[in-house]
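Novice: Once you have looked at the hints, place chain R on chain F.
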Amino acid sequence: MTISSPAVILLLPFFSAVLILLVLKRSAGVSALVATGSALLTLVLSIGVLMKGGAAESAVLYNWSQAGGLSLDIALKNDALSRGMMIVVTGIGTLVHIFSLAYMKDDAGKARFFAGLSLFMFSMTGIVYADNFPMMFIFWELVGVSSYLLIGHWYTKASAADAAKKAFLTNRIGDFGFMIGKLVVWSMAGALMFDGMKEKVDAMDVAELSAAQISSLTIATLLVFCGTVGKSAQFPLHVWLPDAMEGPTPVSALIHAATMVAAGVYMMVRVSFLVGVSHAGEVISWIGGVTALLAALMATQQNDIKRILAYSTLSQLGYMVMAVGLGASEASMFHLFTHAWFKAGLFLGSGAVIYACHHEQDIWKMGGLSKKMPVTFATFAACTAALVAVPFVTSGWYSKEAILEAAKEKGGVLFVLAAFTALLTAFYMTRLVVVAFLGKARDEHGAGHAHEVAPVMFVPLVILAVMGVIGGFGAVAGAILGHEQLPAHGHFGVVGMVSIATLIVGAGAAFVLYRGRDRDPVNIKLFANKFYFDELYAKLIAVAQDGLATVVKVLDGLLIDGLGVRGAAGLASGAGGMLRRLQVGNIQGYAFLFGLGVLLLVFLALAK
Amino acid sequence: MRTMVTLNDYLIASGLLFGIGLAGVVLRRNIIVIFMCLEMMLSAANLSLVAFSRFRPTGGLPDYDGQMLVFFIITVAAAEVAVGLAIIVALFRTKRTVHVEDITSLSG
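Chains as they are written, first to last, in our numbering: chain F, 16 to 623; chain R, 8 to 115.
It is possible that some hints are incorrect.
Claimed, not checked - In silico negatives: residues of chain R with every beta carbon more than 12 Å from chain F:
id	residue
1	Arg9
2	Ala30
3	Val32
4	Val57
5	Phe62
6	Phe78
7	Ala86
8	Glu108
Stated by the list, open to error - From the derived model, a few chain F residues whose C-beta atoms are all more than 12 Å from chain R:
id	residue
9	Val33
10	Ala175
11	Met194
12	Ser588
13	Ile602
14	Leu611
As the list claims (entries may be wrong) - To give an idea of the interface, some chain R residues facing chain F are shown, with a C-beta separation under 7 Å as derived from the structure:
id	residue
15	Met75
16	Val105
17	His106
18	Val107
The hints are simulated quantities; they were obtained by calculation from the structure and are not laboratory data.
C-beta: ideal position from N, C-alpha, C; glycine also.
Only chain F is shown next, with the shape it has when bound in the complex (with noise of 0.2 Å):
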């Protein structure tokens, strides 16, 4: 057992959750520092890691069990691609963690807050640095548990644990077929190790596999993007990442905006030579063309504002698949690493705006906030920019650019679907702005007197937003994610000038239509209900555990009951009646059986 940096990164987190778990419960301001100095730490470590460099490395940290040839270990896989991630899950974890200090000051479950924060670290870091799919899944699972915690974490409120339930049950069904797809890549690969699989793969000249072969890794494949549409909410399995804004928002912050929902896209691109090699490329990026065009839609008629930013999430994870479907993960992995600064930015943004209106979350009970937060406005705008990729100079720009390339290289309907949507993405953007930024405060009470935060609070907001701007240029996502990793930079052309051109339409309609608004011009009932998916789903389940409990109730009755209990019961009691009447203290009943038995033997003595 080898003890190298990551292996510390991995078991600092893990460590600090135990000792907040074991011994600092009472101590709740104890706990917040030790949980964000072992992240702050393990930031500094990912840095050191990434700056030693060097080629891709395995480290096996134990030998979990060893069985025939098979040996399924807990090792961890140093390249390029996990040391960028990691820099990502770090630093927003530093920052989110940094800006908990303030935001859950006065939670009565503190404690347990940041040791459900260092699990989640712990966890997280695993996916990261997984080797093999069996250890991916083992730490796939954590992170469902540690969202599940943060979810629930004020969980006598019923609809945060209802919320947290759903997610994990959501997680839970994408997972299923995550483990089926993992066996059948185990079969037919012969590897569990990810890169013994590429080596594998690689090597099955694609000429000669069979329709048969080409087909069972085209199942395969799907099955193993089931579990990205459970973790990364894809439909139709979205339902569970809106529900999911009943936790803090510093948890929304890192989980579901940019780590753990990002983890299903990192897995997909890990396992990217797959999807080269079977046909699930189409399935995977109109899934992903579709999730994003259904969120975009949804999200321009919610009114809270987490809620928008929950569904820009699922749209912009939406255009992260769509780009791995479409072969291109290179532009799907830069897209992952500014998507996650500039939403983690906009939701610690609008953590900050909910504390300071005092846990006010509709957007028309807001307005004004420029004036009376000017930091957090300017972090805000900028990471908004950064979203709707205003061209050039904001992160946003590149990868959303390398993605509409992608896009319309391969399919031209996607091209127009993704368009569409980012179109939608500064409609709906420039509408949470104007309405909750600009104008007057619509209410006294809240927005009137708000104030900006803490340095505590904003510093990493900043961090944030800068990080929205300069990370798309090529320096600074190159040292990071590696030069080689980054999509090739096409030159301004039709992508560049449809890409401004909806960005223009787009925030233009909602600046004209919302400015100065009190109440929701637009009205249109079936986005805001969200499609309606969450009441079919649960008429659906109703429907399946109504029909699945008369069938049980059904046999139970017949057989469980009829045959068995009263069966045996009935039986007992007809004999005893039958034997009964043998019994009535009638001498001549008797005389008259002792007779008969007389009879009886004489007529068998006869008889032989």
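Specialist: Frame of chain F, contents of chain R only:
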């Protein structure tokens, strides 16, 4: 010429006697009558024994083993009657009835 009385006739008579006795035991309600029918069944058996003794001669003379057994049976029957009547008297002292239908304390 008058036909000879064969063994079969005696056996039929004995059987009929036994049958009547059995019917009496099962069907009559008075316990004394049941007891008398019981004795009738015994005498039926005696009759068949004597019949066999007469109709299966050994060396020209009847087989006296059957008749000897009849003597024993009569003696035993007498003893049995003594005991049986004692029981009936004891039963009458408690139940005050000779109707066998009313004696049902062994039911259940």
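Novice: Starting from the hint list further up, note which numbers the structure goes against and sort them upward.
Specialist: Of the numbered hints, 2, 3, 8, 13, 14, 15, 16 and 17 do not hold.
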